[in-house]
Amino acid sequence: MSALAKVSYFWRSAAGGLKHSPFVHFIAITTIAIALFAAGLARTAGWALDGLQASLGGEVEVTVYLAPELTAAQVEEMRAKLETASGGKAVLVNPDEALSRLSRELGDLGDALSQLPENPLPPSLELSVAPEQRTPEGLEALALQVRALPGVTGVDYGREAVERLTAIARALRYGGLVAFAVVLFATVIIVAATLQLAIYARREEIEIQKLVGATDRFVKAPFLIEGLLQGVLGAAVALLGLWTFGRLVGPTLASLFSFLLGPASSESLVRPGLALELVLAGGMLGLVGSFVAVGRFSRV
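Sequential numbering from 38 applies to the sequence shown in the working numbering.
What the hints contain is simulated information worked out from the structure, not anything from laboratory work. None of the values given here were measured: they were computed from a predicted structure. It is possible that part of the hints are untrue.
What the hints assert, rightly or not - Here are the computed lysine-lysine pairs in the BS3-like style, where the Cα-Cα straight-line distance is at most 27 Å: (1) Lys257 - Lys56; (2) Lys43 - Lys257; (3) Lys43 - Lys56; (4) Lys257 - Lys126; (5) Lys257 - Lys247; (6) Lys43 - Lys247.
What the hints assert, rightly or not - Label-pair ranges, simulated between beta-carbon atoms: (7) Ile71 - Phe328: 18 to 26 Å; (8) Gly83 - Glu200: 43 to 51 Å; (9) Trp280 - Ala206: 51 to 59 Å; (10) Glu200 - Trp280: 49 to 57 Å; (11) Arg184 - Thr289: 41 to 49 Å; (12) Ser45 - Glu174: 57 to 65 Å; (13) Leu41 - Leu277: 30 to 38 Å; (14) Gly310 - Thr121: 36 to 44 Å; (15) Ala218 - Glu134: 31 to 39 Å; (16) Ala52 - Ala223: 25 to 33 Å; (17) Trp280 - Leu129: 27 to 35 Å.
Backbone N, C-alpha and C define an ideal beta-carbon position, used for all residues, glycine too.
All chains should be modelled from the sequences, with the hints used to inform the complete structure.
Here it is as structure tokens:
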């Protein structure tokens, strides 16, 4: 038998196997689809979290409070040093501007500031930080470096907020990885079990093939292709579920979390990159499950 004829036979046999035990394969496809649907939602949530971190990180500023006795030349020299150290841009905020800003932020209570005998706020430099330094460690190192400069009376960068956001993102990623690993393991076991049932249902056909001289590799190949087809079909169902979820539930979620994530289109829930990832993951799940199943082939 030629190679082309063998490949054609394998695919026809795999397709026939799907038709031979539709309920068994339906269970496997549904299991893969549920796992990939959850993975797709987690992937999309991870992208949203990365976007949130990037947007909040872009607003991270280090406020450097200066001694009032510094001259204009000294302040300019300080500004240049800070821009060199951070890779960002430093903007001078004079005491009058800082008091006016505070008054606006306090609203009605801001009128009380006009009764102060003198402006208690010092001049400051608001320093934007380069993206690679917007981590708790990077900001802490920068703050220590800036505090050591002469003429600096204090440094503030919202340490607690940055550390909390970073800790939440790290916990969600690790938790998602652990949960995904557990789901994948369970999915492989279920797929392997369903394929073993399919192999058992076709044991007489397999015995006849062995009697006429078929090798184990020749007999196993269609079942491996069955697993691959199960994975691809499961991925297709998962993508359809994600698309439907984005259409029906996406707009509601987008409106609820728009204050954090900003305006976003729910139609982008299924991205080309995500679709490719899920199809590849589905095929791998099906193949791994089929390898586990045909590994016990000698017992059939």
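Results of checking the hints against the structure:
1. Lys257 - Lys56: 17 Å, holds
2. Lys43 - Lys257: 12 Å, holds
3. Lys43 - Lys56: 20 Å, holds
4. Lys257 - Lys126: 64 Å, violated
5. Lys257 - Lys247: 11 Å, holds
6. Lys43 - Lys247: 16 Å, holds
7. Ile71 - Phe328: 18 to 26 Å: 21 Å, holds
8. Gly83 - Glu200: 43 to 51 Å: 20 Å, violated
9. Trp280 - Ala206: 51 to 59 Å: 27 Å, violated
10. Glu200 - Trp280: 49 to 57 Å: 37 Å, violated
11. Arg184 - Thr289: 41 to 49 Å: 47 Å, holds
12. Ser45 - Glu174: 57 to 65 Å: 59 Å, holds
13. Leu41 - Leu277: 30 to 38 Å: 33 Å, holds
14. Gly310 - Thr121: 36 to 44 Å: 38 Å, holds
15. Ala218 - Glu134: 31 to 39 Å: 53 Å, violated
16. Ala52 - Ala223: 25 to 33 Å: 27 Å, holds
17. Trp280 - Leu129: 27 to 35 Å: Between Trp280 and Leu129, where Cβ atoms are some 51 Å apart, the hint is violated.
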